[in-house]
Amino acid sequence: MRAHRTLMLSLIATIALAAPASAVARPLIIGGSTSVLPLAQKLATAYHRAFPKIPSPKVGGGQSDVGISGAASGRFDIGDSSRDPIRGVDPTGLVFTKIARDGVCVITNPQNPLSNLSAENVEGIFTGRIRDWSQVPGARVSGPIDLFDRDGASGTQDAFQHIFLGETLKISPSATAETSNGLEQNAISSDKQAIGFVSFAYTSGVNAVGYQGIPCTLRNAKSGQYGGVRNFWMVTKGVPKGEAAKFLAWVTKPGNQTVRSIVNSQWIAIH
Amino acid sequence: MATGAPNQARRSSPAVTDRRAELTLGALAVSVLVLVGLMLATVAIKAWPSFSANGLAWFGPGGDVVTQFRAMHAGVPLPGHSLLYFRAWPLIWGTLLVTVIAVVLALIASTLAAIFLTEFAPAPVRRVLEPVVRLLAGVPSVVYGLIGILAIAPWVNENLISNSRKQSVAYVVQLNGDNLMTAALILTVMILPIMVALSAQALSSVPASWREGSAALGVNRWRTIWRVSLRTARPAIAAAIVLATARALGEAIMLAMVSGGRPFAANPLDGITFLFEPVQPLGATIVQEFGGQTTGAVANTIYAIAAVLLVSAAFLSFAGWAVKQPLKRYGIGV
Chain A
7 MRAHRTLMLS
17 LIATIALAAP
27 ASAVARPLII
37 GGSTSVLPLA
47 QKLATAYHRA
57 FPKIPSPKVG
67 GGQSDVGISG
77 AASGRFDIGD
87 SSRDPIRGVD
97 PTGLVFTKIA
107 RDGVCVITNP
117 QNPLSNLSAE
127 NVEGIFTGRI
137 RDWSQVPGAR
147 VSGPIDLFDR
157 DGASGTQDAF
167 QHIFLGETLK
177 ISPSATAETS
187 NGLEQNAISS
197 DKQAIGFVSF
207 AYTSGVNAVG
217 YQGIPCTLRN
227 AKSGQYGGVR
237 NFWMVTKGVP
247 KGEAAKFLAW
257 VTKPGNQTVR
267 SIVNSQWIAI
277 H
Chain B
58 MATGAPNQAR
68 RSSPAVTDRR
78 AELTLGALAV
88 SVLVLVGLML
98 ATVAIKAWPS
108 FSANGLAWFG
118 PGGDVVTQFR
128 AMHAGVPLPG
138 HSLLYFRAWP
148 LIWGTLLVTV
158 IAVVLALIAS
168 TLAAIFLTEF
178 APAPVRRVLE
188 PVVRLLAGVP
198 SVVYGLIGIL
208 AIAPWVNENL
218 ISNSRKQSVA
228 YVVQLNGDNL
238 MTAALILTVM
248 ILPIMVALSA
258 QALSSVPASW
268 REGSAALGVN
278 RWRTIWRVSL
288 RTARPAIAAA
298 IVLATARALG
308 EAIMLAMVSG
318 GRPFAANPLD
328 GITFLFEPVQ
338 PLGATIVQEF
348 GGQTTGAVAN
358 TIYAIAAVLL
368 VSAAFLSFAG
378 WAVKQPLKRY
388 GIGV
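Going line by line, the protein sequences match chains A and B. 7 is the number of the first residue of the first sequence in the numbering used here; add one for each residue after it. 58 is the number of the first residue of the second sequence in the numbering used here; add one for each residue after it.
If you are wondering where the hints come from, they were derived from the structure by calculation, not from laboratory data. A couple of the hints might just be wrong.
Derived Cβ-Cβ restraints for the label pairs, each shown as a range [said to hold, decoys possible]:
| no. | chain 1 | residue 1 | chain 2 | residue 2 | range |
| --- | --- | --- | --- | --- | --- |
| 1 | B | 378 | A | 245 | 36 to 46 Å |
| 2 | B | 118 | A | 121 | 34 to 44 Å |
| 3 | A | 143 | B | 207 | 51 to 61 Å |
| 4 | B | 131 | A | 129 | 14 to 24 Å |
| 5 | B | 134 | A | 228 | 32 to 42 Å |
| 6 | A | 171 | B | 217 | 38 to 48 Å |
| 7 | A | 143 | B | 220 | 14 to 24 Å |
| 8 | A | 221 | B | 109 | 46 to 56 Å |
| 9 | B | 134 | A | 104 | 23 to 33 Å |
| 10 | A | 245 | B | 76 | 51 to 61 Å |
We put the beta carbon where it would ideally sit given N, CA and C, even for glycine.
Full structure from sequences and hints, please.
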């Protein structure tokens with residue numbers, strides 16, 4: 007009997023303690039692309055500052071495919087994707103809202119401060135035709151090229167493929183595939199013969215290589231001179247509803263200076 | 058019993074309480090079984106399309122795993138094949154290599170360490186070492202992975218792999234710090250503590266009279282250890298091997314961090330270079346690819362990999378039970 011009473015009391019106490027938490031609105035859960043991650047985090051913080059009564063959205067990483075499948079399965083209220091929708095592959099009934107544009111940079115180790123690669127060189131290196139730094143004009147290291155790719159679920163991989171290699175060429179299958187922008191950045195910053203590609207926000211500590219004579223800088227990406235630019239999307243199951251709709255409306259509101267200044271710090275604002 | 062004084066009649070009798078507890082516990086136990094059953098069924102159902110599309114060739118070599126996964130991600134089948142086309146041999150071979158190398162290295166090191174702990178270590182040293190071994194056994198694998206990816210792999214790439222070695226296989230595979238050797242060595246360190254703990258326990262439960270008997274016959278200490286202690290503890294050491302193999306086989310996060318990214322069937326004929334070739338074991342492949350579940354084919358293939366891991370784990374569990382049987386003869390329980 008005593009045990010029962012203790013059990014009941016602790017149950018009641020648990021429920022009583024849990025009740026206030028559930029009375030407040032649940033925070034939005036956002037996740038997916040690691041390219042979108044830093045932007046989504048900054049937006050979530052600023053959103054909470056603008057509307058202190060709304061809890062700050064919880065933002066996590068993954069990959070673009072994780073964001074898209076997570077939005078479809080309900081794991082995320084909003085999924086992040088750094089690749090465009092693919093008809094026939096993505097689950098049906100998803101709505102993609104474009105939030106910004108982003109530069110994709112080819113990167114090398116700081117000990118190999120390559121300033122520029124021609125389109126032909128990029129194709130040669132990433133398809134595996136050029137395998138040694140001695141064949142690359144401007145390279146400061148010698149020896150075999152350590153090629154780094156991203157995994158198939160990555161939006162950055164999809165964007166790199168379409169922008170830099172076109173529809174027919176494929177990245178050499180002998181490349182090492184990393185599962186996030188951060189791991190790609192880490193792999194290249196610790197290997198002086200490495201080359202790979204990341205979202206612009208992950209270029210600190212590595213050397214961003216220019217493409218076709220245009221340096222990979224934010225300014226060149228914004229002006230449209232730098233070609234390696236792709237879209238950032240937030241994905242919802244159906245038309246955004248409730249808290250997700252409120253957040254997305256704030257992010258995409260034309261002329262919202264808070265959002266514009268955050269996006270323009272490392273990305274390209276479009277609203 | 059149900060009789061007893063009237064003032065106790067209000068309370069439920071001990072027999073009823075017992076039965077109630079029994080039923081509750083029974084229901085909990087059954088629900089665990091049901092959960093396991095449901096899990097196995099889910100994995101089997103989801104994995105079936107991959108196995109049925111590829112047949113037994115699923116386990117064989119053929120083509121490149123990355124290319125096959127890319128095709129599934131894009132939803133465009135490889136020419137002349139179905140979308141589910143998959144050949145897992147590089148992954149299976151990678152799993153076998155990493156597991157066998159790690160278990161063999163750990164077996165040698167753990168047996169020597171256990172002998173030291175039980176036969177030679179002074180009591181104060183033993184008092185310090187035993188908790189340390191237990192602590193090491195509890196370190197989460199992601200910590201080993203982090204050390205591997207941030208410290209060991211870059212060091213191996215920088216210092217152990219020469220450019221000429223990279224060049225020698227440049228047209229087959231690219232070498233860097235994420236390779237068979239790094240993965241196997243870190244895995245060895247990971248499974249070592251549990252093997253040391255089990256072996257030491259078995260060695261210390263060898264009856265002292267047996268060793269004393271051996272000594273009384275004039276056999277020296279090393280020979281006694283070799284012929285009496287180790288021989289008696291052999292089934293326990295075999296059990297430790299099984300347990301360590303299970304841990305090595307199922308290890309995914311650490312291996313995905315230090316060996317993932319390049320499923321390649323490392324070739325022992327390449328000599329020393331073989332050790333620096335990349336591998337991607339089955340568990341690591343699940344970690345590497347699970348993001349692509351949007352397309353059915355990727356999910357089916359990943360579930361098929363999971364099914365293979367589950368079946369191997371079941372086999373190992375059975376093997377673990379089987380090798381412990383001889384121990385019962387000596388009345389040593391592990």
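* To do: Would you pick out the hints that fail for this structure and give their numbers low to high?
  => Numbers 1, 3, 6, in rising order.
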